[in-house]
Amino acid sequence: MATLQQVLQHQQEHGILMAPTEPPQETGNTVEIQATPQSMPFALRNNTTSSTVYAYVTGLDFSNNNSRVVLVQSDGKSLYYPTSPAADLQPLLANCAIPLGAPGTTTTVTVPRMSGGRVWFVQDATLTFLLNRGLGSSAALVEPSIMNPADPNYQLNWSFCEFTLNDVELFANISYVDFVNHPIALVLESNSRGPQRVEGMPADGLATVAQKLTEQNGRDGAGWDRLLIRQIGSGKLLRAVSPNTGMNLFSGLFATYYDGYVNQVWQKYSGTDLTVNTQFTWGVVKGRVANGLLAFGSVGSFGQPSTRDIFSSDSGAFAPPAGDNQEQLRNIAARLAAAFNRSTLLINANQPDGEQISTYYTNTVTNHYSRILHEVNIDKRGYAFPYDDVVPSGGGDQAGTVNDGNPKVLTIVLGGGNTSTAAE
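Sequential numbering from 3 applies to the sequence shown in the numbering used here.
Note that these hints are calculated values from the structure, not bench results.
Be aware that one or more of the hints could be misleading.
[Stated by the list, open to error] Here are the simulated DSS-like pairs of lysine-lysine, each with C-alpha atoms no more than 27 Å apart in a straight line: (1) Lys214 / Lys382; (2) Lys238 / Lys214; (3) Lys79 / Lys382; (4) Lys382 / Lys410; (5) Lys270 / Lys288.
Just need the whole structure built from these sequences, with the hints factored in.
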């Protein structure tokens with residue numbers, strides 16, 4: 003591991019959070035203007051039907067250059083910095099299960115500045131986090147896994163949302179990139195402006211997602227119903243996993259799903275330009291297919307993506323590139339991946355600025371998991387694939403994010419319900 007970006011990617015792919023070995027770059031400023039607090043309250047509201055719900059707060063210690071893993075302990079305020087154990091897969095040495103109150107009550111915890119932060123929830127059980135040897139004195143945190151059926155958490159009813167609290171802002175989002183379980187909603191109150199809300203799913207959201215995935219599979223037989231994971235024995239629906247997760251769990255699932263669509267896209271752009279607004283200093287670039295590659299002049303080119311490349315958005319054709327133009331190519335790749343997941347490349351040659359939400363997912367070959375998640379969410383917002391935050395310039399948020407440079411309190415509502423009363 004090296005940079006913060008790389009360790010967070012490792013967390014996403016492998017469920018292990020560890021400190022980066024490369025310190026953040028110095029800005030050269032001698033005076034730091036800090037708008038955000040060193041810590042702030044997170045109000046955790048239990049809107050489930052269970053009185054046995056626990057929360058966990060994990061991340062990297064931003065105030066110490068992200069050099070160590072940190073967890074909030076069960077009292078909701080004390081901090082635990084696990085040190086590197088002598089062997090891997092060791093238990094935590096502190097109780098970090100924060101009990102929530104009865105349904106309808108709110109528990110407030112104090113959260114320090116963190117990078118790669120997550121607030122985890124589990125219903126009718128506790129979660130198992132383990133410690134691996136880290137690079138240096140800090141342990142690596144082994145997080146609950148939906149990818150490993152042998153993981154002690156696999157058969158449990160759990161979920162999480164993501165956040166970063168640094169010296170610039172608090173940023174938080176609900177994430178469906180890997181799976182969906184509990185409805186989670188966010189309300190961010192600010193010291194300088196009105197509240198921001200992400201409504202999440204209604205209380206029966208997971209059941210509705212399951213019904214819609216089953217119906218979609220009845221239409222195309224592509225395997226969407228295999229994304230539904232049930233508890234062994236009881237048959238209770240635990241979660242719906244994303245198609246990328248499903249491809250990792252079930253060999254052969256969706257293997258050639260996008261092939262025909264990709265061929266059509268390649269044929270279209272062999273005779274016309276694809277315009278991409280990088281929405282950054284590189285401005286607008288144009289690409290065209292030649293010799294089997296979608297080439298953007300001297301910047302670089304992309305091969306035809308596979309279905310796995312599209313659903314993961316970071317493998318094969320969309321893998322992190324090497325060379326001098328890697329940041330620009332990653333930028334273009336993000337916009338291409340978003341357009342493929344939304345299946346808009348055959349109807350819009352101006353990405354992403356020509357996009358209209360009403361045309362997302364209208365092709366029969368598309369990321370129906372993402373389509374369904376957006377349909378089921380009350381405000382149609384939620385991070386359903388890795389680049390769901392790509393929007394036209396000036397376009398509205400689709401990814402279910404909140405952020406503020408002067409945050410007051412973040413309320414996280416578990417279980418569905420109206421957020422208008424959540425922060426009261």
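task: Take the C-alpha atoms of Lys270 and Lys288, compute the straight-line distance between them, and say whether it is at most 27 Å.
output: holds (14 Å)
query: Given the proposed pairing of Lys214 with Lys382, does the C-alpha separation stay at or below 27 Å?
result: Holds, because 15 Å separates the two Cα atoms, which is no more than 27 Å.
task: Take a quick look at whether Lys382 and Lys410 sit within 27 Å of each other, Cα to Cα.
output: Given that 27 Å is the threshold and the Cα spacing comes to 26 Å, the pair holds.
message: Against the 27 Å threshold, does the CA-CA distance of Lys238 and Lys214 hold or violate the hint?
response: Holds, at roughly 17 Å.
- request: Verify the proposed pairing of Lys79 with Lys382, using a straight-line Cα cut of 27 Å.
  value: Not OK: Lys79 and Lys382 at ~34 Å, beyond 27 Å, violated.
Of the numbered hints given earlier, the model fails hint 3 alone.
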